[in-house]
Amino acid sequence: MELLSQMLQLLFSGLTLGAIYALIAVGFVVIYNVTGILNFAQGEFAMLGALISISFVNMNVPLWLAVILSIIIVAAIGGIFERTAIHTARKSSVTTLIIITIGVSIALRGLAILIWGTQVQTLPSFTDNTPINILDAVLLPQNIWAVGISIVILIIMMYFFNFTFVGKSLTACVVNPFAARLMGINPEKMSLLAVIVSAGIGALAGSVIAPISGATYDMGMMLGIKAFVAAVIGGLTNAPAAIAGAFLIGIIEAFTEGLWSSGLKDVVTFSMLLLILFIKPEGLFAKASGKRV
Amino acid sequence: MNSKSLNKIYNNSLLGPMIFFAVLLCIPLVTSSNYVFSILTMVGFYALVCIGLTTLTGYAGQISLGHAAFYGIGAYSSAVLTGTYGLNPWLAIIIGAVISAIVALIVGIPTFKLKGYYLALATLGFGIIVFTLFKELSSITGGSNGFFGIPSISLFGFEFITDISYFYLIWIVVFLAILFMRNIIHSRIGRGLRSIEGSEIAADAVGVNLMSYKLQMFVLSAIFASVAGSFLAHYVSFINPDLFVANTSIFFLIMVIIGGKGNIWGSIVGAAIYVLLDELLKHYVPLLLPNVGGEFEIVFFGILLVLMLIYMPNGLVPQFEKIVSKFKRKPSANSTLQSISANATGGDNK
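Keeping their order, the protein sequence lines are chains S and W. Note that the first sequence covers residues 143 to 435 in the working numbering. Note that the second sequence covers residues 814 to 1163 in the working numbering.
In case anyone wonders, no lab produced these hints; they're calculated from the structure. Every value quoted in this text rests on a predicted model; they were computed, and no experiment measured them. Treat the hints loosely; a few may be bogus.
Said to hold, decoys possible - Calculated from the model, a selection of chain S residues having no Cβ within reach of chain W, i.e. all distances over 10 angstroms:
#1 Leu152
#2 Leu180
#3 Val203
#4 Thr237
#5 Thr238
#6 Ile242
#7 Ala249
#8 Leu250
#9 Ile255
#10 Leu282
#11 Ala322
#12 Phe370
#13 Val374
#14 Leu406
What the hints assert, rightly or not - DSSO-like mimics (lysine-lysine), calculated; alpha carbons at most 27 angstroms apart, straight line:
#15 S:Lys422 with W:Lys928
#16 S:Lys233 with W:Lys1095
#17 S:Lys331 with S:Lys407
#18 S:Lys422 with W:Lys1139
#19 S:Lys407 with S:Lys422
As the list claims (entries may be wrong) - Interface residues of chain W toward chain S, partial, derived using beta-carbon atoms under 10 angstroms:
#20 Gly829
#21 Thr870
#22 Ile876
#23 Tyr931
#24 Thr945
#25 Phe988
#26 Leu992
#27 Leu1056
#28 Leu1102
#29 Pro1103
#30 Met1121
All residues carry an ideal CB built from backbone N, CA and C; glycine is no exception.
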């Protein structure tokens, strides 16, 4: 019984982590699909989202409005980032583009230090945070918020990409940018849109996790890299697979931390990344292997 | 191009290192400030890492976000072998380099089957794993508290304790590393690597063994980083895992980019500019913004990196060369060679 409740407890925290990783990972996949760029600054959007929300709350703005404002601001930052850094360098090699997004990510991190300092800051939970007992395991309402919000967002994204005109245009750019251009879709506009959407989702992810684990200037890096791992497990181009990967990573992390060692959880996660890259670089859920050229 | 003119290029370019090191070794005549020497020694450590990394990035066209791991393996090997087991520091440096080479080989074989993003991710993941192990294997490494009391290094009874003696020591090592790397670049391996950077498919087609070349370069750059780490450990006598975080790898990359990837001189220029900027920022920014703390300087390096890559993707050193060649009537043989290689690498970069 005790073992069961411990397992359940770890599962709850795993699902929460997984939900956050899923939101960020979907951002990766969207940007990668549309622009062909893996955005190393994705985690920093989450960091900015969390810290901006906190600043608004400290100014006595209601929490829901603070989160919405922070999403809008971070989406705008994402747009500026796309125009200034990605768009101007879009003809560079893959290696150069990777390093550019790394440069943006450390610039954002430094900016966060200048604005918010290095202290851990906290955001109040979205609703009253009285723990709920399920089979002796403690479930916090914020955990439910995290999982719930990410599921809702993921469903909206699905709908957006498959059933709306703009979403379909984005998908068209992924499938064949040249043909999309012939059909009157401007891939450069779509690239801007993709980055803005991912930045907004990232900001939401940051605001959701902030009440649980706090927010610091350097939270983005680990969140980003873990979400990366999730996206890679999913094969980078497949959003649902990336989401599955994200939950897998979250659960594995929670269990490693709970049952073995909290220090070594990163070793486990990244060993998994290396293993997957070496054995099945097209992703765990890939049906047919084919090279994107 | 006949062999005579190639020889001329080689001799011409050998003049550069000689002048540079003559100047560098004369620095003690001008100043005797320990601060200056400690800064220059730091530049030396970084330059040593970057000489290896620049060859990997610039000539082989491969990105590594994990070189802090090798820097750390070198440092911790030296620390543990001399501090705990009382080995001779020189022997420890060699053992550290061997360990790094073996690790690089084991990691490199599967990693270099990957390309672009995947390669960046895999090396980043590797770096984080090694960093976490430094932190967690606290019975060996001292964990987060760090490793204290690493003995100093000595040669023929002379102990390198003062900043100035260490300055000489590290720069002589850098000098040797440069000569070594130049020979490699001017050899068959170097030309093979250049062809990989130009176009992997073309290189493969003309019979360049991609895997073996990339791997050799990776192992070599790991050894350079490891040796630099060992010397660092003996210099500072105290190390902790935070010296070898993923950010350190990124800063190595920044130095390489600032100087100009694929240019050995670029690695020294890049390391020097990085260290100087870092010192200046740490000194002057708190005067303007008194409440600022932590590693705020990364904001400047981030922006610098992005601007460099967009507006000066080949780094600073080619810009110097452009200026120099403007003063010369005829374009020098050196720049001709460079434009040839630039044309060759202008093609398929994907």
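For each hint, the structure was consulted:
1. Every C-beta of chain W lies more than 10 angstroms from that of Leu152 of chain S, the closest at about 20 angstroms, which supports listing it as non-interface.
2. At roughly 4 angstroms, the least C-beta separation between Leu180 of chain S and chain W is not larger than 10 angstroms, which violates its mark as non-interface.
3. The beta carbon of Val203 of chain S is kept farther than 10 angstroms from every beta carbon of chain W, the shortest such distance being approximately 24 angstroms.
4. Distance check on Thr237 of chain S: its Cβ comes as close as 5 angstroms (rounded) to a Cβ of chain W, failing to clear the 10 angstroms threshold; non-interface status is violated.
5. Not every CB of chain W lies more than 10 angstroms from the CB of Thr238 of chain S, the least distance being 5 angstroms, so the non-interface label is violated.
6. In this structure Ile242 of chain S is not separated from chain W by more than 10 angstroms, as the shortest Cβ-Cβ distance comes to only about 5 angstroms.
7. Look at Ala249 of chain S: its CB is around 3 angstroms from the nearest CB on chain W, not clear of 10 angstroms, so calling it non-interface is violated.
8. Distance to chain W contradicts Leu250 of chain S as a non-interface residue, since its nearest Cβ pair spans about 7 angstroms, not more than 10 angstroms.
9. Its beta-carbon lying about 5 angstroms from the closest one in chain W, Ile255 of chain S breaks the requirement of being farther than 10 angstroms from that chain.
10. Residue-level check passed: Leu282 of chain S sits 28 angstroms from the nearest beta carbon of chain W, beyond 10 angstroms.
11. Non-interface call for Ala322 of chain S relative to chain W: holds, since the shortest CB-CB distance, roughly 20 angstroms, exceeds 10 angstroms.
12. Not every beta carbon of chain W lies more than 10 angstroms from that of Phe370 of chain S, the smallest distance being close to 6 angstroms; the non-interface claim is violated.
13. Listed as outside the interface, Val374 of chain S is inconsistent with that label: its C-beta sits roughly 6 angstroms from the nearest C-beta of chain W, within the 10 angstroms cut-off.
14. The non-interface label for Leu406 of chain S is inconsistent with chain W: the shortest C-beta to C-beta separation is roughly 6 angstroms, within 10 angstroms.
15. Proposed proximity of Lys422 of chain S and Lys928 of chain W is supported: the alpha carbons are some 14 angstroms apart, at most 27 angstroms.
16. Straight-line distance between C-alpha atoms of Lys233 of chain S and Lys1095 of chain W comes to about 35 angstroms, which puts the hinted pair past the 27 angstroms bound.
17. A threshold of 27 angstroms between alpha carbons decides the hint, and for Lys331 of chain S with Lys407 of chain S the separation of about 40 angstroms lies outside it, so the pair is violated.
18. For the hint pairing Lys422 of chain S with Lys1139 of chain W, the CA-to-CA distance comes to about 52 angstroms; that exceeds 27 angstroms, so the pair is violated.
19. Simply put, Lys407 of chain S and Lys422 of chain S have alpha-carbon atoms about 22 angstroms apart, close enough for the 27 angstroms limit, and the pair holds.
20. Checking Gly829 of chain W against chain S: minimum C-beta separation of about 27 angstroms lies over 10 angstroms; hint violated.
21. Because the beta carbon of Thr870 of chain W sits about 8 angstroms from the nearest beta carbon in chain S, less than 10 angstroms, this interface hint is met.
22. Hint status for Ile876 of chain W relative to chain S: holds, with the closest Cβ pair at about 5 angstroms, below 10 angstroms.
23. Nearest Cβ of chain S to the Cβ of Tyr931 of chain W: about 6 angstroms, under the 10 angstroms cut. The hint holds.
24. Interface restraint check for Thr945 of chain W: the shortest CB-CB distance to chain S comes to about 5 angstroms, inside 10 angstroms, so the restraint holds.
25. For the restraint placing Phe988 of chain W at the interface with chain S, the shortest Cβ-Cβ distance is roughly 29 angstroms, beyond the 10 angstroms limit, so the hint is violated.
26. Restraint check, Leu992 of chain W versus chain S: the minimum CB separation of about 28 angstroms is more than 10 angstroms; hint violated.
27. At a threshold of 10 angstroms, the smallest CB-CB gap from Leu1056 of chain W to chain S is about 16 angstroms, leaving the interface hint violated.
28. Because the beta carbon of Leu1102 of chain W sits about 7 angstroms from the nearest beta carbon in chain S, less than 10 angstroms, this interface hint is met.
29. Contact between Pro1103 of chain W and chain S, as hinted, is not supported at the beta carbon level, the nearest pair being about 12 angstroms apart and thus beyond 10 angstroms.
30. Residue-level restraint check for Met1121 of chain W holds (minimum Cβ-Cβ distance to chain S is 8 angstroms; threshold 10 angstroms).
The structure fails hints 2, 4, 5, 6, 7, 8, 9, 12, 13, 14, 16, 17, 18, 20, 25, 26, 27 and 29 (numbered hints given earlier, in ascending order).
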